[in-house]
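*Asks:* Here is how the chains run, residue by residue.
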Amino acid sequence: MFVRLLPLLLLAALPLDAAEPAATPPAVDKKSALREGDKIWSGLVYASNDPSPKDPPAELRDFAPRLKRVFGYNQFQLAGSAVKMIDNDGEGWLVPSKNFWLSVKARRAVSKEARGGYLLSLALYHDNRQIVETEAKLAPGSPLFIRGPACGKGHLLFVLQVQQ
Amino acid sequence: MASSKNSPESSTGAAENAGPPADELELVARSQTGDTAAFNELVTRYRQRAFSMIYNMVRNEQDAWDLAQDGFVKAWKNIGRFRGQSSFYTWLYRILMNVGIDWLRKKQIASGTEFDDAIGLNNIAPGAVTTPQGVMQPAAKISDQEIRTRIDAAIEKLSPEHRAAIVMREIDGLEYSEIAEQMECSIGTVMSRLFYARKKLQALLKDVYENI
Amino acid sequence: MKTFEERYTAWIDGQLTGAELAAFEKELETQPHAALDRTEAHQLGDLLRTHRTAPTLINADFFSLQLQQRIAAETPQPRRTESRENGGGFWSISRLLWAGAASLVVAGISYVTLVPTAAPTIPVEPSNYFAQVVEAWPSDPSISATTVYNPQDNLTVLWLDGLDYMPSEQLALQ
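Residue numbers (the numbering used here), protein chains in the order written: chain A, 182 to 345; chain B, 4 to 215; chain C, 5 to 178.
Since the hints were made in silico from the structure, they are not lab data. It is possible that part of the hints are untrue.
Stated by the list, open to error - Quick list of in silico lysine to any residue cross-link-like pairs, SDA-like style, CA-CA up to 25 Å: (1) B:80 to C:76; (2) A:235 to A:255; (3) A:220 to C:60.
Please build the complete structure, drawing on both the sequences and the hints.
*Replies:* Shown next, in the form of structure tokens:
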């Protein structure tokens with residue numbers, strides 16, 4: 182009997198699907214699935230190689246070592262940034278520069294593992310042209326980098342990060 | 004008959020008309036079973052040459068980096084089609100050439116420019132001395148950097164097909180038949196493209212090669 | 005019969021021999037500057053070979069690493085099949101349905117009994133969630149999107165190829 186019930190108990194211990202807003206996570210107002218004050222920060226970064234690279238600006242200091250490891254450049258300059266408070270299911274715009282912007286629809290992920298994480302519907306635009314649409318998950322401490330077009334002697338990169 | 008010292012086949016050290024070296028065959032065979040470590044070994048062997056080859060076509064380091072990777076990814080995806088009738092690099096070379104030409108064509112379409120390879124050659128006497136179109140600098144010696152800049156600018160003006168033909172012939176040292184095979188056209192077409200590419204570059208670079 | 009351009013190219017490259025060479029050179033007698041043109045074609049070839057040396061591939065190991073990541077991202081993973089090696093006879097359809105229904109009941113009971121009605125302030129633990137791209141749809145067929153997860157740095161890269169080049173002058177660098 183116990184052997185038959187064991188799988189049930191294991192099944193019951195499975196996390197709820199993130200798309201099923203059945204449980205309210207702790208430390209969150211019941212009326213809203215959001216954590217107050219959570220924002221998404223986006224930065225447009227010009228990455229290049231320079232024989233005497235400049236120090237990265239303050240906003241990029243935390244990202245610079247990872248950007249270097251991933252993309253191989255040694256200099257990172259900020260070409261723009263934008264911050265948006267996250268409205269549950271409302272659409273917002275992040276406009277880090279006049280040439281590039283992002284449309285963002287964010288929803289807080291409610292699975293147990295996703296503490297502080299968000300589900301995003303993102304669309305990246307260059308001027309008036311949509312480049313890519315994506316469904317992504319984002320969490321504090323785990324940014325999303327988007328490798329954009331070649332620019333000058335380097336590349337444009339987008340950095341998205343949850344800020345608490 | 005001019006020997007193709009730098010042709011893809013001979014550059015690998017393989018004798019003409021011989022297949023790829025035994026260890027390379029083994030690496031390819033392992034790659035064909037999905038062994039990424041074996042493929043990575045092939046990448047390590049040929050990455051510089053692949054990069055150089057693409058760079059000579061597109062004249063931009065970052066683009067060459069990306070396109071060389073695109074070429075290797077294509078090679079990986081199609082590794083099952085490699086039959087060992089040529090060296091791996093010869094097979095890879097064709098992939099890289101096509102990647103480069105496709106990119107140049109897309110860039111051409113995107114920029115809305117057209118490559119006028121005729122440049123008024125319709126009435127020119129084929130054996131006539133080329134009239135220079137560049138800036139004459141008879142007195143001062145041109146610096147190496149300026150030479151490269153002038154060459155880049157001149158190559159930019161060639162269509163993808165003419166650029167490929169002149170790069171393969173003059174820089175990579177391929178025979179007409181090898182170029183024809185790479186570009187999937189007739190030998191006559193290759194020779195015709197070389198004729199016009201040379202005429203155009205001579206017109207653009209006469210003052211350069213006369214002053215170095 | 006080869007065209008004049010084909011024979012001319014072959015002549016410049018020293019590919020004509022014998023009777024063909026003699027016949028062509030006779031034809032060129034009406035082109036007084038042909039010899040000079042051939043010399044210049046050779047000078048052009050020397051120029052291109054001498055001054056078009058491609059740069060060394062810097063960060064060659066990074067090139068390979070990046071390529072490995074691209075290949076890994078584009079290589080379909082073998083599907084994980086449900087292990088039925090143990091015979092699999094125990095989990096029949098009816099048992100699965102019964103197990104599913106029972107788990108819903110247990111989940112409902114757990115929700116009612118375990119989830120507090122008044123949410124106390126609990127310090128938020130660091131998230132184990134990491135950035136992921138669930139799916140990406142490029143808007144242009146010439147653009148491709150590849151996703152690479154970097155576990156070392158706990159980040160995800162959405163790698164877009166085929167985008168138009170942008171001059172750096174258009175950037176307002178801060």
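*Asks:* Output the numbers, in ascending order, of every earlier hint that fails for this structure.
*Replies:* The structure conflicts with hint 3 only, although it agrees with all the remaining ones.
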